[in-house]
Amino acid sequence: MDSSATTAGTEPVFHLEEEHAHAEGSSTMLGFWLYLMSDCLIFAMLFAAYGVLGANYAAGPAPKDLFDLDLVAINTTMLLLSSITYGFAMLTMDKGRVAATQAWLAVTGLFGLAFLSIELYEFAHMIHEGATPQRSAFLSSFFTLVGTHGLHVTFGIVWLVTLMTQVARFGLIEANRRRLMCLSMFWHFLDVVWIGVFTFVYLMGMLR
Amino acid sequence: MSAHDHAEGHGRAHGGAAHGSFKGYLIGFVLSVILTAIPFWLVMSGAIDNKQATAIVIMAFAVVQIVVHMVFFLHMNTASEGGWSMLALIFTLILVVIVLTGSLWVMYHLNANMMPGLHDMREMP
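Chains A and B, in that order, are what the protein sequence lines are. For the first sequence, the residue numbers in my numbering are 1 to 208. For the second sequence, the residue numbers in my numbering are 1001 to 1125.
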C-alpha cells in the first residue's frame, strides 16, 4: 500500500489523512453480527458439553423423569410469538410510528417475561425435586446450557426496556433505529438457539 | 444535512433487506410454527416407533427451522454487508461443526474404551 512507511532509513509516515469518513454506525450491523457469531460459539461449546455429559445421570433423575414437554411447548410458543411481535415492531419502526412501535416492543417484552417465568418455574420445580445442578453431570450441563440461554433472554429484556425508554425520550432517531435493529438480531438469534435447545435437550432427551 | 441523508440512504441500501416485510415475517412465523409443532407431535405421540429414526427426523426439522429463521427473521442473504456477514456465518458454522462432531466423536470413543470389563487384561501386551 505505502511502501514509504516501511522503507528502512526514512521517517515513518502515517496516513491518517487517508482515512475516509465512515457514516456513523455504518459498520455497527456487521460488528454486532460478529458478536452474535462469537456468542454462537459459546452456545456451541455448551451444546458440546451437554452432548458429552448429557447421559451421565450418576444414578440420578433422567430427562424422562424431569422434563414436561407441554411446558416446553408453551415456552417455545412464547418465544416464537415474541419473535414475530418484534418483527412487527421493526415494521412499524420503518413507518416511523412511535406509539405502535412501543406497543409491539412492550408485547415482545411481555412474551419474553412469560418465557422466563415458565423457565424459572421449571427450574424451581426441578430443584425442589432434588434435581439440582450438583446432582449429576447431566444436570450440571443442562442448567449451564439452558441457564445461559435464559440469562441472554433476561439481558435482552433489560435492553428492550432501556430502548423503550430511549424511544420514549428521543423518538425514533437514527441512533435508536440502529439500536433497535441490533436488539432485533439479538432477539431472533436467541430464538435460533432455542430451536437447538428444545430439539437437542428436551425432545431428544425424552427419546432416550 | 446532506451528508446525513446520504449516510441514511447508504445504510438503507446495504441494511435495507434487514427490515423485511409483513408478508416475510408472516411466512417465517407460519413455517416455524409448523416446523416446531411436527417434532413436538412426533415425540409426544411416539408416531415413529424407532427412536433413532425419530431423532434423525426432528434434527432435520431443527436444521430446516434454523434456516427459516435465518432467512425470514434475521434476513440473511449473500448480499447483506457486502457478503461479510455470510462469510462470518459460514466460518462460525464450520467451527461449530468441528467442535460438536469432534467433541462427541472423541468423547464417545473415550467413554467406550473406559468401560470396565471391555478389555481383558490378559490379552494386553
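Hints in this document: simulated from the structure, not taken from any laboratory. Accuracy of the hints is not assured; some may be wrong.
Some chain A residues judged to face chain B by a derived CB distance under 10 Å, without partners named [stated by the list, open to error]: (1) 143; (2) 146; (3) 170; (4) 172.
A few chain A residues that don't get close to chain B, going by computed Cβ distances all over 12 Å [said to hold, decoys possible]: (5) 45; (6) 58; (7) 118; (8) 124; (9) 152; (10) 188; (11) 199.
All C-beta atoms, glycine included, are put in the ideal place defined by N, C-alpha and C.
Cross-check of the supplied hints:
1. 143: 19 Å, violated
2. 146: For residue 146 of chain A, the interface hint is violated, since the closest Cβ of chain B sits about 16 Å away, which is over 10 Å.
3. 170: Violated, about 16 Å.
4. 172: 12 Å, violated
5. 45: Given a closest Cβ separation of 7 Å, the condition is violated.
6. 58: 14 Å, holds
7. 118: Residue 118 of chain A is indeed farther than 12 Å from all Cβ atoms of chain B, at 15 Å.
8. 124: 23 Å, holds
9. 152: 15 Å, holds
10. 188: Answer for residue 188 of chain A: violated, closest chain B Cβ roughly 4 Å.
11. 199: Violated, because the least Cβ-Cβ distance between residue 199 of chain A and chain B comes to about 4 Å, which does not exceed 12 Å.
Of the numbered hints given earlier, the model fails hints 1, 2, 3, 4, 5, 10 and 11; all others are met.
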